[in-house]
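Heads up: the sequence shown is residues -19 to -1, 1 to 275, going by mature numbering (1 follows the signal peptide of the UniProt record, and there is no 0).
Just so you know, the hints here were simulated from the structure itself, not pulled from any lab data. Misleading hints may appear alongside valid ones.
Unchecked claim - Only pairs whose alpha carbons sit at most 25 Å apart, straight line, appear in this in silico DSS-like list of lysine-lysine: (1) Lys102 to Lys260; (2) Lys30 to Lys41; (3) Lys125 to Lys75; (4) Lys6 to Lys275; (5) Lys125 to Lys192; (6) Lys148 to Lys186; (7) Lys100 to Lys148; (8) Lys192 to Lys148; (9) Lys192 to Lys238; (10) Lys145 to Lys179; (11) Lys125 to Lys186; (12) Lys100 to Lys6; (13) Lys192 to Lys102; (14) Lys41 to Lys238; (15) Lys192 to Lys3; (16) Lys271 to Lys3; (17) Lys6 to Lys30; (18) Lys125 to Lys102; (19) Lys238 to Lys271; (20) Lys102 to Lys145; (21) Lys147 to Lys102.
As the list claims (entries may be wrong) - Ranges between beta-carbon positions, derived for each pair: (22) Gly115 to Lys147: 30 to 40 Å; (23) Pro27 to Leu78: 38 to 48 Å; (24) Asp193 to Leu135: 16 to 26 Å; (25) Asn169 to Asn199: 30 to 40 Å; (26) Lys271 to Ile170: 32 to 42 Å; (27) Asn132 to Pro27: 22 to 32 Å; (28) Asn132 to Asn169: 17 to 27 Å; (29) Ser241 to Glu98: 13 to 23 Å; (30) Gly195 to Pro27: 16 to 26 Å.
Using N, Cα and C, we set each Cβ at its ideal position, and we do this for glycine too.
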Amino acid sequence: MKKLIIATGLLLGGFLAQAQVKGVKHVILIGMDGFGAYCFPHVDNPNMKQMMHDGAWTLKARSVLPSSSAVNWASMVMGAGPEIHGYTEWDSRKPELPSRELDQYGMFPSIYTLLREQKPKAEIGVIYSWDGIGYLFPKAAVNKDLGTHDNDSLATAASVAYIKEKKPDFLFIHFDEPDGTGHNIGHNIQPYFDQVAKNDVLLGKILQAVKDAGMWDNTIILLTADHGGIKKGHGGKTMEEMQIPWIIRGPGVAKNKEISSSVMTYDTAATLAWIFGLKTPQVWIGRPVKDAFK
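Start from the sequences, fold in the hints, and give me the full structure.
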């Protein structure tokens, strides 16, 4: 009986080891703040649309509630909603509710924790232009931690340099726009669409850096957002605020496929973990978006 159990364990271990998507060595997650999916028909964004053509996508992914920043950035990398991880406000710096579980860093377990524990030699980076991101990940778990204080251009330049120099296994890039434009001028109007077009140019520079670094053929790139917006705000229960784009391309990803299944922002962490072949904690409720893959 023991021999049978051991053999079964070895078979399961081999199966789990093969769960990583074949051919993937790097994953880059790009998040654009306040980027509502509703804007796609109105925007000149060729790089985003090329990603859609080359990969899988949905414009019906949903944020958690409230549809605001910190609570959703936390959910995106922590694989669970605010009821479990405890970050509940747009500017949460620590959980307002007790986190259901804590990792070795004293935080709710995130994709950074899983990578550091299960792939100790991984090169992990976080480059972000909204300082609030800095409270939502364990700094001791990453190799690169850089905030650029609302400067998306600087975040782009730093990301390009980091990609070329370190070829990170996992990199999260956060852009503060188009959220700033949405708050100061408004959503669903031409200046907002113009800002998304500018974000698309920055995205193009990231994509080119991946190519220049010789990583293109073994890198998955995932573009998404924390929430959308309405008028000059967000946090409510309208679809303009809740529906976000979710676009993925790279090895193993289906081509030019619209994802029909439900996608929640916490499914992003689960998908990243599945790509890397990581074991996820029981407290995560996110599910990998397997429909995006061949």
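Results of checking the hints against the structure:
Restraint check: the Cα-Cα separation between Lys102 and Lys260 comes to about 17 Å, which is no more than 25 Å; the hinted pair holds. For a cut-off of 25 Å, the pair hint linking Lys30 to Lys41 stands: about 15 Å separates their Cα positions. Straight-line distance between C-alpha atoms of Lys125 and Lys75 comes to about 21 Å, which keeps the hinted pair within the 25 Å bound. The suggested pairing of Lys6 with Lys275 holds, with an alpha-carbon distance near 17 Å, which does not exceed 25 Å.
Restraint check: the Cα-Cα separation between Lys125 and Lys192 comes to about 21 Å, which is no more than 25 Å; the hinted pair holds. The hinted pair formed by Lys148 and Lys186 meets the criterion: a straight-line CA distance of about 15 Å does not exceed 25 Å. For a cut-off of 25 Å, the pair hint linking Lys100 to Lys148 stands: about 15 Å separates their Cα positions. For the hint pairing Lys192 with Lys148, the CA-to-CA distance comes to about 11 Å; that is within 25 Å, so the pair holds.
Taken as a hint, the Lys192 and Lys238 pair is honoured in the structure, with Cα atoms around 23 Å apart against an allowance of 25 Å. Between the alpha carbons of Lys145 and Lys179 the distance comes to roughly 22 Å, so the proposed pair stays at or under 25 Å and holds. At most 25 Å may separate the alpha-carbon atoms for a hinted pair to count; Lys125 and Lys186 meet this at roughly 19 Å. Of the pairs offered as hints, the one joining Lys100 and Lys6 holds, with about 12 Å between alpha carbons and a cut-off of 25 Å not exceeded.
Distance hint between Lys192 and Lys102 is fulfilled; the C-alpha atoms sit about 23 Å from each other, no more than 25 Å. The straight-line distance between the Cα atoms of Lys41 and Lys238 is roughly 14 Å, inside the 25 Å bound, and the hint therefore holds. In summary, the hint linking Lys192 to Lys3 is supported, as the alpha carbons are separated by about 19 Å, within the 25 Å threshold. The straight-line distance between the Cα atoms of Lys271 and Lys3 is roughly 14 Å, inside the 25 Å bound, and the hint therefore holds.
The hinted pair formed by Lys6 and Lys30 meets the criterion: a straight-line CA distance of about 24 Å does not exceed 25 Å. Distance restraint check for Lys125 and Lys102: the Cα-Cα separation of roughly 13 Å lies within the 25 Å cut-off, and the hinted pair is therefore satisfied. Note on Lys238 and Lys271: the hinted pairing holds, with a Cα-Cα distance of about 12 Å set against a maximum of 25 Å. At most 25 Å may separate the alpha-carbon atoms for a hinted pair to count; Lys102 and Lys145 meet this at roughly 18 Å.
As the CA atoms of Lys147 and Lys102 are separated by approximately 13 Å, the hinted pair is consistent with the 25 Å bound. In this structure the hint that Gly115 and Lys147 lie 30 to 40 Å apart at CB is violated, the actual value being about 20 Å. In this structure, Pro27 and Leu78 meet the distance hint of 38 to 48 Å, their C-beta atoms being roughly 42 Å apart. One distance hint, 16 to 26 Å for the beta-carbon pair Asp193 and Leu135, holds here, with the actual separation near 19 Å.
Between Asn169 and Asn199 the beta carbon distance is about 38 Å. The supplied range of 30 to 40 Å therefore holds. Checked against the hint of 32 to 42 Å, the C-beta distance between Lys271 and Ile170 comes to roughly 37 Å, which is consistent with it. Taken as a hint, the range 22 to 32 Å holds for the pair Asn132 and Pro27, whose Cβ atoms sit roughly 24 Å apart. In this structure the supplied range 17 to 27 Å holds for Asn132 paired with Asn169, their Cβ-Cβ distance being about 25 Å.
The hinted range of 13 to 23 Å is not satisfied by Ser241 and Glu98, whose Cβ atoms lie roughly 34 Å apart. Evaluation of the 16 to 26 Å hint for Gly195 and Pro27 yields a pass: the beta carbon distance comes to about 23 Å.
Comparing the model with each earlier hint shows violations of hints 22, 29; every other hint is respected.
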